[in-house]
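The residues making up each chain are set out below.
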Amino acid sequence: MLPRIISILAILGLALASPANAQLRTYQVTQITSDQTNHFNPNINDLGRVGWCVAQGSIYQSFFTLTEGLKLARASCIVAAGSNFKEMVWIQNVGGYSQIFSSRRGQVTRSPADHLDPAVNSQGEIVGSSRWVARLRFFPLSRAR
Amino acid sequence: MTKDPVDHYTPAISNQGEIVWVQPVDYLSQVFSSRRGQLTFSAKDHLQPSVNDPGEAVWIEKLGGSWQVVSAINGPITMDPADHFTPRLNNLGVLVWSQKVGKYFQVFKATPHLW
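Protein sequences appear in the order of chains A and B. Those letters in the first sequence? Residues 1 to 145, by the working numbering. Those letters in the second sequence? Residues 1 to 115, by the working numbering.
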């Protein structure tokens, strides 16, 4: 019996000592929102604050809302993303083309093409995809101050 | 940044500057990293990737007939019958996504527990 216990402990010890142990996770899943509207594109910062976009009626205006209910920004957009909520990016139509806007820098794309899927990190680097002669490419934009 | 003649879409960027995106490989959407190359290989579509500073990438792929959140490190995060969209994670590995509950899309959060 004792050798068996020792062997089990050894296996457990190996498992706990293994670098791969850090990869073994279980998750506690909780529902954050429950009100009767659509919530899109959530994001979470390192402090655990969660934001998301909410569609506003048939025109799909959206804004980013923190869990505390504070509206960070509002724009004619259906896509928004943020990192640590220092800066938001979204798309909106300008002259028939989808352009990327930033809550800190205003309009950041201007070329006559659709710019889609914006995302931003806390360093102010923005990425997005741009339709260019029937293909998409993504691009980093300049850093924020 | 990318110029090869295939579509690259839905990029995301970590604070470390690592970019993940989706591009087709043999007509299937696969996730790529600017630092690590192709991250997904299974014969299915992988969409809406995100990555945190430690380098954990997440995306959605179809498992059991619905779109589930999958981590490159931890495997499937969700396994319920609903479709799950736009996962994002912070540097602690806490994830959020939206999924439909009744008529509306709601936000969910998954907090990891190491064992």
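If you are wondering where the hints come from, they were derived from the structure by calculation, not from laboratory data. It is possible that part of the hints are untrue.
Heads up, simulated EDC-like pairs for lysine to aspartate or glutamate below, C-alpha to C-alpha not over 20 Å straight-line [unchecked claim]: (1) 109(B) / 56(B); (2) 86(A) / 35(A); (3) 62(B) / 83(B); (4) 103(B) / 80(B); (5) 86(A) / 80(B); (6) 100(B) / 83(B); (7) 62(B) / 26(B); (8) 109(B) / 18(B); (9) 44(B) / 18(B); (10) 100(B) / 35(A); (11) 100(B) / 56(B); (12) 103(B) / 35(A); (13) 109(B) / 114(A); (14) 86(A) / 53(B); (15) 100(B) / 80(B); (16) 109(B) / 45(B); (17) 109(B) / 35(A); (18) 109(B) / 80(B).
If you want a taste of the chain B side facing chain A, the calculated C-beta under 7 Å gives, among others [as the list claims (entries may be wrong)]: (19) 9; (20) 11; (21) 33; (22) 34; (23) 38; (24) 41; (25) 42; (26) 72; (27) 76.
In this text, all values refer to a predicted model and were calculated from it rather than measured experimentally. Don't be surprised by glycine CBs; every beta carbon is placed ideally from N, CA and C.
Status of the hints after comparison with the structure:
no.: 1; hint: 109(B) / 56(B); result: 16 Å, holds
no.: 2; hint: 86(A) / 35(A); result: 26 Å, violated
no.: 3; hint: 62(B) / 83(B); result: 9 Å, holds
no.: 4; hint: 103(B) / 80(B); result: 17 Å, holds
no.: 5; hint: 86(A) / 80(B); result: 33 Å, violated
no.: 6; hint: 100(B) / 83(B); result: 7 Å, holds
no.: 7; hint: 62(B) / 26(B); result: 17 Å, holds
no.: 8; hint: 109(B) / 18(B); result: 23 Å, violated
no.: 9; hint: 44(B) / 18(B); result: 24 Å, violated
no.: 10; hint: 100(B) / 35(A); result: 12 Å, holds
no.: 11; hint: 100(B) / 56(B); result: 25 Å, violated
no.: 12; hint: 103(B) / 35(A); result: 11 Å, holds
no.: 13; hint: 109(B) / 114(A); result: 32 Å, violated
no.: 14; hint: 86(A) / 53(B); result: 17 Å, holds
no.: 15; hint: 100(B) / 80(B); result: 11 Å, holds
no.: 16; hint: 109(B) / 45(B); result: 23 Å, violated
no.: 17; hint: 109(B) / 35(A); result: 16 Å, holds
no.: 18; hint: 109(B) / 80(B); result: 14 Å, holds
no.: 19; hint: 9; result: 5 Å, holds
no.: 20; hint: 11; result: 4 Å, holds
no.: 21; hint: 33; result: 12 Å, violated
no.: 22; hint: 34; result: 9 Å, violated
no.: 23; hint: 38; result: 16 Å, violated
no.: 24; hint: 41; result: 18 Å, violated
no.: 25; hint: 42; result: 18 Å, violated
no.: 26; hint: 72; result: 10 Å, violated
no.: 27; hint: 76; result: 10 Å, violated
Violated hints for the displayed structure, listed by number in ascending order: 2, 5, 8, 9, 11, 13, 16, 21, 22, 23, 24, 25, 26, 27.
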